[in-house]
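Colleague: Protein chains in written order, with the numbering used here: chain A, 12 to 170; chain B, 12 to 170.
Since the hints were derived computationally from the structure, they do not count as laboratory data.
Ideal Cβ placement from N, Cα and C applies to all residues, glycine included.
Hints are not guaranteed to be accurate.
What the hints assert, rightly or not - Pair by pair, the computed Cβ-Cβ distance ranges are:
| id | chain 1 | residue 1 | chain 2 | residue 2 | range |
| --- | --- | --- | --- | --- | --- |
| 1 | A | 137 | B | 51 | 29 to 39 Å |
| 2 | A | 155 | B | 25 | 19 to 29 Å |
| 3 | A | 143 | B | 16 | 37 to 47 Å |
2 protein chains.
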Amino acid sequence: MTGQNVDRDRFWMAQALALARRAFDEGEVPVGAVIVREDVCIAEAYNLREHSRSPIAHAEMLAIQEASKTIGNWRFTDTTLYVTLEPCAMCAGAIVLARIPKVVYAANDPKAGAAGTLYNILQDERLNHRVEIVSGVFADESSALLKSFFQQRRRPPDK
Amino acid sequence: MTGQNVDRDRFWMAQALALARRAFDEGEVPVGAVIVREDVCIAEAYNLREHSRSPIAHAEMLAIQEASKTIGNWRFTDTTLYVTLEPCAMCAGAIVLARIPKVVYAANDPKAGAAGTLYNILQDERLNHRVEIVSGVFADESSALLKSFFQQRRRPPDK
Numbered sequence: 012m013t014g015q016n017v018d019r020d021r022f023w024m025a026q027a028l029a030l031a032r033r034a035f036d037e038g039e040v041p042v043g044a045v046i047v048r049e050d051v052c053i054a055e056a057y058n059l060r061e062h063s064r065s066p067i068a069h070a071e072m073l074a075i076q077e078a079s080k081t082i083g084n085w086r087f088t089d090t091t092l093y094v095t096l097e098p099c100a101m102c103a104g105a106i107v108l109a110r111i112p113k114v115v116y117a118a119n120d121p122k123a124g125a126a127g128t129l130y131n132i133l134q135d136e137r138l139n140h141r142v143e144i145v146s147g148v149f150a151d152e153s154s155a156l157l158k159s160f161f162q163q164r165r166r167p168p169d170k
Numbered sequence: 012m013t014g015q016n017v018d019r020d021r022f023w024m025a026q027a028l029a030l031a032r033r034a035f036d037e038g039e040v041p042v043g044a045v046i047v048r049e050d051v052c053i054a055e056a057y058n059l060r061e062h063s064r065s066p067i068a069h070a071e072m073l074a075i076q077e078a079s080k081t082i083g084n085w086r087f088t089d090t091t092l093y094v095t096l097e098p099c100a101m102c103a104g105a106i107v108l109a110r111i112p113k114v115v116y117a118a119n120d121p122k123a124g125a126a127g128t129l130y131n132i133l134q135d136e137r138l139n140h141r142v143e144i145v146s147g148v149f150a151d152e153s154s155a156l157l158k159s160f161f162q163q164r165r166r167p168p169d170k
């Protein structure tokens with residue numbers, strides 16, 4: 012990975028982290044996501060499960076929904092998705108279906124991660140699309156935010 | 012499984028198949044889904060990936076989105092989801108997140124099935140919810156419809 016890519020990944024992950032902080036402030040599990048195409052943000056979202064009362068309102072899904080309106084196609088060519096927590100099975104499946112070429116995530120999710128932890132749906136040779144993965148960008152910051160949220164709530168993490 | 016349950020499953024799968032046929036007529040990969048609570052249909056949907064230009068517009072996801080409005084909670088207690096094709100990783104992940112207790116599906120999906128074929132996300136002990144699975148209800152009818160669709164399109168199946 013070149014220095015320019017590292018800078019770019021940190022730049023966009025900082026935006027995703029800012030969105031995660033907005034989720035935190037609204038009482039939602041703090042996860043944020045942005046989708047970038049040719050250095051332009053085409054979608055941004057944060058987890059809204061409680062407010063929307065929808066089990067599928069994860070940051071990645073809302074960002075994919077928004078981006079599909081901009082792209083006008085279900086194939087997300089030349090895009091990168093940045094997310095502050097390792098995608099779950101639902102979100103990883105959606106990323107493969109959208110043919111997103113690259114995912115950058117911050118913290119691993121030991122309970123539900125599907126980009127290498129419990130599964131690696133993003134790089135399964137049996138599926139019809141493989142995703143480049145970069146992990147660990149601002150992992151400590153994302154983990155600290157999640158930890159702080161669950162300490163405040165005094166309930167087990169259940170994204 | 013009791014005879015009454017078999018009859019119930021066939022009744023609701025027939026509704027899901029009717030929705031799959033509507034998808035077929037609209038040029039969409041023919042998959043239909045219904046969500047039932049206490050013998051009442053609370054959501055019905057069919058695959059709309061092409062028309063909605065969204066990679067996540069699978070029948071199950073659209074049904075879950077609709078049901079969440081009726082239920083008003085992200086926990087889908089006492090529901091059964093009927094779908095004409097084995098759920099993919101995205102949809103299986105969503106079913107677990109929604110805590111749906113039971114899934115009945117018709118045909119297996121050898122390319123992307125995540126309810127026993129490539130993965131069994133619905134019954135993974137590491138996740139925080141396990142789903143009862145019934146499969147094979149009107150499997151031949153669903154397979155024939157899918158086969159007919161792809162023969163007409165002359166392209167490889169790519170839900």
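Colleague: Against each hint, give a clear statement of whether it holds in the structure.
Modeller: Checked hints:
1. Our hint of 29 to 39 Å for residue 137 of chain A and residue 51 of chain B holds, since their Cβ atoms are close to 38 Å apart.
2. Checked against the given bound of 19 to 29 Å, the beta carbons of residue 155 of chain A and residue 25 of chain B, roughly 52 Å apart, lie outside it.
3. For residue 143 of chain A and residue 16 of chain B, the hinted distance range of 37 to 47 Å is satisfied, since their beta carbons lie about 46 Å from each other.
Going down the numbered hints, you'll see the structure goes against just number 2.
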